[in-house]
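J.: The hints should help you fit chains X, S and R onto chain W, whose structure is shown.
Protein chains in written order, with numbering that gives the first Met the number 0: chain W, 0 to 391; chain X, 0 to 260; chain S, 0 to 444; chain R, 0 to 286.
No lab work stands behind these hints, which were simulated from the structure alone. The structure displayed is predicted, hence computed values, not measured ones. You may find that some hints are simply not true.
As the list claims (entries may be wrong) - Taking CB as the label site, the calculated pair distances span:
| no. | chain 1 | residue 1 | chain 2 | residue 2 | range |
| --- | --- | --- | --- | --- | --- |
| 1 | X | E227 | S | D365 | 38 to 46 Å |
| 2 | W | E148 | S | K396 | 32 to 40 Å |
| 3 | X | I144 | S | K396 | 41 to 49 Å |
Unchecked claim - A few chain X positions that, by computed beta-carbon distances, are all more than 10 Å from chain S:
| no. | residue |
| --- | --- |
| 4 | N34 |
| 5 | I144 |
| 6 | V176 |
| 7 | P181 |
| 8 | S233 |
Note that the Cβ used here is the ideal one computed from N, Cα and C, for glycine as well.
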Amino acid sequence: MAQDRGMDRAKAIYQNRSQRAGELKAQGKQVIGYLCAYPVLEMMTALDLVPFRILGDIKEPISRADACLPTVVCPFIRSALDLALKDRYQFLDGVVMAHSCDVAEKTAHIWHSYLRPPYFHFIDTPHTTRNSAVKQHKRLLKDFQKTLEQLAGRQLSQERLKEAVKAHNQQRALVRELYGLRKPDPPLISGAETLEVMVSLMSLPVDEGSRLLKQVITEVRQHNSGPPKKPARLLIWGSIMDNSSLIEMIEGLSANLVMDDTCVGSRFYWPDVAATEDPLDGLAHRYLVELKCPRTFRQADPNKASKDYQADLEYRFGYLMEYAKEWRVNGVILQSLRYCDIHGYEVPQVKDYLNSLGLPAIYLEYDYSQAALAPLRTRVQAFLEIIGQGNF
Amino acid sequence: MAHFMGIDIGSATGKGVITQEGQPLVGHYLPSQANYRAAALELRQGLLAKAGLSPRDITKTVTTGHSVAGLPFKHERVADIRCCARGINRLFPQARTIIDIQAMSSRVIRLGQDGQVGNFIVSEPCAAGSGRFLEIMAHILRIDIEEIGPLSLRSQRPIHFTTSCAVFGESEAISRVAQGTPKEDILAGVHRALADKLCALTSRVGLEEPCTISGGGGLDTGLIKSLEERLSVSLLVPTQPQLVTALGAAIMAQEKEKLLD
Amino acid sequence: MATEKKRPINRLKTMYPLRALIDGMYQRALTASRAGQPVAWCMVNWWQGDPILKAMDVATVYPEDYGAVCAAFGAAQAYLEGAEADGFPAHMCGYARNCLGYTARMIEVGEIPPEAPMGGMPQPSLLLASGALCDARYKWFQALGRYLDAPLWVLELPHPGVKEALMVGAGEGNINFIAQQLGEFISFLEKLLGRRMDWDRLDKTVDNTMEMNRWWHRVNELRRARPCPMHSRDFWSSMPASLYMAADPGETTELYRQMYDEIKSRVDNKIGALKAPERYRLAFLELPPWHSLGFFNQLAERGWNFVIESWAYHPPQPLDLDRVSDPLERLARYSYHWLTGYYPKANEAGERWGYFAYPYLEYVRDYQCDGVVLHPLLSCRTATNHLMMVRDRLMKKLKVPSLVIEGDIVDLKLFDPARALSQAEAFEETMDHYKKLRKEAGFGW
Amino acid sequence: MNKVKIFTAGIDLGSTMTKVLILDGEGKSRAQVTGATGAEHRRLANKVMAQALGQAGLSLEEIGYIIATGYGRVNVPFADCQVTELTCHARGVSHLFPSARTAIDIGGQDAKGLKIRDGKLVDFVMNDRCAAGTGRFLEVTAETLGLRLEELGELSLKATSKVEIGSTCTIFAQAEMVALLSQGRPLAEILAGLHQAIASRVVKMTRGLKIEADVVFTGGVAQNAAVVQAIKERLGHDVLVPDEPLFTGALGAALLAREMALKCLANGDNIPKKERRLEEASLYEDY
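Just chain W, with the same shape it has in the complex (with noise of 0.2 Å):
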């Protein structure tokens, strides 16, 4: 692996994540495994812990994880759990998971139960944006601090955690200028590409990451290996999306998937962390506050004595509207994993704003198998065809 660069060395850590994780603990680094958007990557940046966000795989039939988790939860976290009671993320050093909704809440104190990983915490992050929840979360965050020091065995030096921070924003801002590169007409990079990139920044140490990305750009300014010029360009909203079969099959279709906003893509990167005098501020308020998933509860004016619901789509959808804009789609794909509450309960509330907009969109639910692909197919098809990018 280690001769392949950008995209064939992104694609080799997609298809085997672990492996890099494998010789990074050789070199005596320790790995701790995060659930979801919501643990805070600086922290352990900082003292000298890899990251390592936890996925399912599509591919693999869930059997352990229904002993201790029931059938009619989030498909994605049951198939993470069941990976995890299989053995495959044995290699991890400790685990970190937070209240990002309540399957993922719960899935914690069962992980914990029955994995019982040497280093465990669980952040409750808080669901509202008021002042006092960003200071309970700011508190939270120093206890998380603390079980952390005590895995790395030394103290966390605000210098220490400003550089982490450094460093993540840096790698966003990478990843946002990849994004940019899909706003021509055709893109240069495919949205599945993309998505396989996504994971395997999620598979390494920052630092690591951000070089690889870099060559990716440069790699994908070079030669024009992108995707043909489709009809229809689509921004792709909802729930995880860890796997890029989705996509390809959307894409093996007359459209171009050019934006998204799912949490292993835009939605987890795309905010900076405000650099602030004691950094666990800046932390605390880009975690709960400008990271955009609808577990948080978000309003435009709590203290109005009455809703203006236009208003309260735009404050919480307009950056729907700036994507929407400046990568010119013509299309919405509004996807959910069954069983996912919080996005179930946006949708007609996203599809509200984006009719207002005129943008037109399609609802799928689908159930995080591979069984799920073939009917979703016609469907997006017929999508296609309604907003007359169809292929006749």
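T.: Just chains X, S and R now, kept in the frame of chain W:
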């Protein structure tokens, strides 16, 4: 000599057993068609004939499986899960877990002492997880049920079934045939899909060895192989797995008799 | 009722007045709304916000309860379809879809829908959501914004892990956070209603609330007796009085006290909740199938007595707050204690899930349950997430088996009593088996 | 434009039946043929096409434009373009009933609901992971009872009351039916229950589109009077059924093909025909 009769009316077939001194004497099974009552009566006749006994020789009869209204002979009803547990216990006293694969449903039973039901879980009603799936496949592949296992065992590269529904699975298999995919690879694919579902079901009550298999599914060597791979155990297989529950019913009859005196 | 005699469950006489309080709650909301006084739609908030609203004379209704009501009255199906027609996925909370469908219909007809049970829920002037236990309980009220312009406030309740909760200063920090949020909520209310909070009155209401729950707790303690004097059905009928604070807590306290007396005399005279002999003592987790409660009668005939149920429906264990003068801090400590009260013991027991999962280990032991019926809900993650783990824990630690019956709280199509009953006989054998094992292992029951 | 005479064809490769419809120069149906029922024959769409060409007295080359649709639309070696059954059904429906705002289609293994505005498809729902409540449900029933598919509807309309069929799974409904029979429940009542189950399922699914009249019911199952009746009851109002509901998709495809072709001619472009081979279709795609 004391004889007891067990009759198990399943959705697809009816099964019966007569025990003598607690040991299986004769067994008999036939398709239950659309008429459970007729099946029950026919079974009883068949069993008595095979055993050369008259109704008077049968001390007690227990029926299980589907409840059949208005049977003209004296009998008691017992839940099939309990009977299945008793049956396996008689055949394999050391067994701790049963994977029971019926035409229409599957269940996993954990055994307590002397064949008592320790714990159990019944599959959700979806044909993709039951033996019926295999019958459907046999039908479209134009082979006999008995051929399924041996064929599947020959497979070099089982296909990956992309569906969770037996009916879709049917058309998927048909398309595969149309494509020229070898039958054995299709069957092995079905076996894997089934084994995955059963493995998930098993994990919900936990697997304690030794583990055994019963019900019509126990006749399918291909299914047994994929199950053993998936669960990484070796299964104890009765010679007549489909008769296990009927045997258990007969044993139940004897138990009940003991309780009386 | 004429059938009263034949009923296999001896219902408590003192249950009926408690159950009736709910009707009163809906009535008060309707009257208030007609008189142009404020009405709040609330999520169950475990006594964080209710005493505050009571002290400020805001009438309340609870869409969660209304979901159960609509299910029981058979009115839910139409509302569920309404919500689906508006694009809310069918796997989402049945209560939520019922409420969204109801609200859509209310807006459509421009008034309370004529068919609405209990006279319906009037247009709210305020929505009080809660971050406790479940995402749906704030996402759903947020989604109501499609239909209502009522302002929405969310009260948070921290859900720390067992280890994290026991870190130095963690508990106090969480309590401060709750108290601070309650303060913010009050100033928001004062702005909204144009009235100041009467702090003495709040102080009194808080005390009464805790007194009410103290008695409700004592009532449930009595259910440890053999035979168990109170069936879960009576619990479910009496619970809303506490959980929704359906009436003035002082009044409710009196009714729970009377219930205590009735049960006490049953205990003294060894009278159980079943007509049949109590063959099996069971716990029911979590929410019951409101639309087919008759199911429990059939099990009662087999001698199945349900002696304890959902932890989340029960009041907190008693907590002495006499020395805490600030009513908001009292409320904060109280609701935080409700969620984390079991944590220290959970930690000793090496359990990593301190609410939902661990409390059932104590319940099943203290109430000497032979088995547990688990009711995974297709449309409710919160009442379902922990069930498989609880099942496993009860088996490993207490040798108590569980029976799993899939269903739903509102959507009757998803619950199949026949299928459930067909497994009862085998489960009795399972319970017998483990009773034996427990005896051998020296357990107390 | 109508000076130009151009023939177009639509081929609908359903999961259990293949339908071909050829339109003449005036856009009138010139030939319509259904393929032999039974999954085994689905890939032999070329035979059905050949039959239709024969009936129309045309050669494959004389067809100006061919659109394939339906479950097996992909890789049809003699089609110029593929369009989803959703779009084609909508087109066919609004051609037959310009007033249609909702369409319900139940085919061999699929059930869909279409929302139509101004003759165009704007939204839709369809079953995916499970064949419950589709035509297959009725086939299995007929097989089990040894009846002809066409008999089911008539028989069940004789019922004075219905039995509740709990199972949604096609295979299990069959078992339940057998059990009910052995309990001596009248056949008609059981069938009525089955038809009820199909109707409830498809209507529940379609609710997601806010059903508005006129509602059109198409697909093979629309030939079953009992299902039509059950859907009417479930909706509480009338539904429109084409004379030949089976051909709605093929008709839509042929019409779309015609529009395509005429548009090209109008713009003076030549029609983007593919190189056609009248060969077997391969239906299966690996993911």
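J.: Would you mind marking each hint as holding or not holding in the structure?
T.: Against the structure, the hints come out as follows:
In this structure, E227(X) and D365(S) meet the distance hint of 38 to 46 Å, their C-beta atoms being roughly 43 Å apart. Between E148(W) and K396(S) the beta carbons are some 34 Å apart, a value that agrees with the proposed interval 32 to 40 Å. Separation of I144(X) from K396(S) is about 44 Å and conforms to the stated range, judged on CB atoms against 41 to 49 Å. Under the 10 Å C-beta cut-off, the non-interface status given to N34(X) relative to chain S holds; the minimum distance is some 21 Å.
The non-interface label for I144(X) is consistent with chain S: the shortest C-beta to C-beta separation is roughly 27 Å, beyond 10 Å. Under the 10 Å C-beta cut-off, the non-interface status given to V176(X) relative to chain S holds; the minimum distance is some 35 Å. Even its closest Cβ contact with chain S, about 38 Å, leaves P181(X) beyond 10 Å, as expected for a residue assigned away from the interface. At the 10 Å boundary, the C-beta of S233(X) stays outside the reach of chain S, the nearest C-beta of that chain being 25 Å off.
In summary, the structure agrees with every hint in the numbered list given earlier.
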